[in-house]
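Sequences are here, hints too, so could you generate the full structure?
In case you want the letters, here they are:
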Amino acid sequence: MSAQESHDSADVAARVERRWATISVIIIVVMAIVAAFAGIHQVTMPQARVEIVDPSRLHLSGEFAEANLGSVAEQDGSVTVRAIGQQYSFTPACILVPAATPITLRATSADVIHGIIVQGTNINTMLVPGYVSNQAMRFDKTGDYVMPCQEFCSFGHEGMWGKVRVIDKADFAARAKNGGRLSCVGE
Amino acid sequence: MLANRKLILAHFWLAFVVFGLALVLGAWQMFIRSPLHTWLSNPEWYYRSLTAHGTVMGYVFPTLVAMGFGYAISESALDQRLVGVRWAWVGFSLVVLGAVMAMVPVSLGWASVLYTFYPPLIGSPFYYIGVVLVVVGSWIWVALMSVNLYVWKQAHPGEPVPLAMFANVAGSYLWAWTAVGAALELLLQIIPVALGLKSTIDAGLARVFFSWTLHAIVYFWLIPSYIAYYTILPRAIGGKLYSDTMARIAFILFLVVAMPIGIHHTFADPQVGAGFKFVHSAFTALVAVPTLLTVFTICASVEIAARLRGGHGLFGWIAALPWQNPIMLAGTFSFIMLGFGGAGGLINMSYQLDSAIHNTQWITGHFHLIFGGAIVIMYFAIAYDLWPHLTGRELPSLRLMRTQLWLWFIGMIVTTFPWHWVGILGMPRRMAYYDYTSPALAADAVPVEVSTLGAAILLISGLLFLFILARAQAEPATDVPPYRFSEAVHPPASVPLALNSHGLWIALMIGLTIANYGYPIAVLTARSDSSVPAVYVGAQR
Ligand code: HEM
Ligand SMILES: [Cu+2]
Ligand SMILES: [Cu+2]
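Protein chains in written order, with the numbering used here: chain A, 66 to 252; chain B, 359 to 899.
None of these hints come from the bench; they were simulated from the model. There could be a bad hint or two in this list.
Ranges between beta-carbon positions, derived for each pair [said to hold, decoys possible]:
1) B:Pro849 to A:Ile117: 57 to 63 Å
2) A:Arg83 to B:Leu855: 28 to 34 Å
3) B:Leu855 to A:Val77: 46 to 52 Å
4) A:Val77 to B:Val505: 36 to 42 Å
5) B:Val804 to A:Arg203: 30 to 36 Å
6) B:Pro834 to A:Ala79: 43 to 49 Å
Going by beta-carbon spacing under 8 Å, a handful of chain B positions derived as facing chain A [unchecked claim]:
7) Arg565
8) Tyr709
9) Asn717
10) Ala790
Cβ coordinates follow ideal geometry from the N, Cα and C atoms, glycine included.
Structure (structure tokens):
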């Protein structure tokens, strides 16, 4: 190879390389824009605010007192579900919600870190003691879903399985008429 | 020059022996939680094993490989005897001491908290102190790498730092800084509680500290493998490195952007607001850049090797590659697994897609493919390549090495593909038992069995690897030429200061970390109302 050839091939190499680097950067920028778009436009953003709650006083009073756990129909037509996780169960163990309705899940932990995943959906959040998790949900179809704890929470973790029951919107409204907190525990 | 072979061999041997032990535990876990086994009489055994497997595979094994390989690089790339050998042995001893101190309480069931710690679960203080000692031992290595480079630069003013050493030192700085997150969590939060000096702990803050370590530690695991791509593979197959400059840029990018993105591990957490989650998500995309650059440079280098060997045509050159060479094979398998794993990583990276698979078996499948697959197979390649130079003996059989690598590759695919699949079906992770008779898990039964078969293949491959290394001792001593790294097609005569030193990039790494982590950490630290009572595990109380 002459010095001239070697010089030319070095130029070619540098050019190809620069092109590839440019393509790589473009790929990344496009991906970041897609993520931003999905987040802002389709409102699939994580919870905006950090909220604190004292896990050792959960059962005594306030939002997560036993009598306040379960599903409640709100004025605006949405539903709020309040739940807690503790070693090794969820309360309520069976969450009752209407189909085709915007739902807010507000949940926390009474002891260690747990997680909630509703199988077959993208409903997935950590429960960190001391903090309130706020998760938007919506189910289009009625039916039963399992809701395992998705983070190791000590030796009974494998037994920590909850349930979500999605019922018809009208049925839910009928049951909600009398007020109180709804769940499907024991059904 | 490889003068301190005993030191390097000690690191590698210890690394691979603990790897073998943890591999047995991994295969056992796979079997226990599969439909092939019924309910474990005491599920705690599973979590005990999982803590040991995770701690060894995540902390002890890769750290020892990086240290041993780092010493080998320093001596052979710089052609300079290691400065501070005595300190290197101190570092090694600390790692040994720490590993033993951590593993004894784990084996006794006093610290079944898993390698991610996640307070307010608290285990025996010895477990955490052991982990800290492992890290402190590795920090001695970081200091030695930097000292050795300094000594060399004094003797060679203005000369380009050999690429292998440049990358090695970048990796060591990355590790030094990324380990700080977990170190703060352990020293300020967990250990005081484990010792009984405090009884409450902020679980959210702990997760933020841990995320500081958890992402970039992945790049610490990966850097030895990337060094092998750039500086071993082209030489081993009779080719040259396509671009020395691009290689330096890739390692610098790892140093700078691997750090300020860890909050993507807390996408589903309540203690971090949406703003910082978005910032970290966007930065996470950037970390794909050095890998994309690497894929290009290495493929081009391999093509050069093939054409030097007489290969031609658009793709015809592939046939001209030395496929009987284990390093060629390992590199190819590694790239294939990196490709699949990288595609999975893009899914984890986006908040929206992540919420479908967060903490499912998808995640465990993903990191076994990337870490256990793409990265560890290059650790094998590094060992095969270095071993004759360290022992003065040839390895027994190329065919055996190829078999071992094929088994690892096939085993990884068979294990991890179904593992990903059950994750998509929503199977949660880290459970000692799954009731496959329930409708919710019935569809997972067969894929999990297939994974278990893959685990058996992996176990055989891992043991074969240890056998091959041990067998080398029985070979006759030979004269081995000095250890060399790949040359670039256009070896750098001089390199701009920014690509020949690390100072600027370290400053950027620290600056970006503070920008991306400072506020969330400061806010959580300032709160006094978010600490919760510790929950002690294990038999000690
Ligand atoms: C025979 C091969 C292997 C098998 C069968 C295996 C199996 C497993 C299993 C079953 C788990 C528990 C997952 C869970 O329950 O969520 C696990 C966790 C883990 N594995 Fe492996 N593994 C193997 C090799 C490796 C290798 C080579 C590495 C890396 C060097 C590795 C790193 C890890 C880590 C860091 C964890 C901890 C994950 C956690 O705590 O969730 N494994 N492994
Ligand atoms: Cu759990
Ligand atoms: Cu990460």
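Hints and how they fare:
| no. | hint | result |
| --- | --- | --- |
| 1 | B:Pro849 to A:Ile117: 57 to 63 Å | holds, 59 Å |
| 2 | A:Arg83 to B:Leu855: 28 to 34 Å | violated, 21 Å |
| 3 | B:Leu855 to A:Val77: 46 to 52 Å | violated, 27 Å |
| 4 | A:Val77 to B:Val505: 36 to 42 Å | holds, 41 Å |
| 5 | B:Val804 to A:Arg203: 30 to 36 Å | holds, 32 Å |
| 6 | B:Pro834 to A:Ala79: 43 to 49 Å | holds, 47 Å |
| 7 | Arg565 | holds, 7 Å |
| 8 | Tyr709 | holds, 6 Å |
| 9 | Asn717 | holds, 4 Å |
| 10 | Ala790 | holds, 5 Å |
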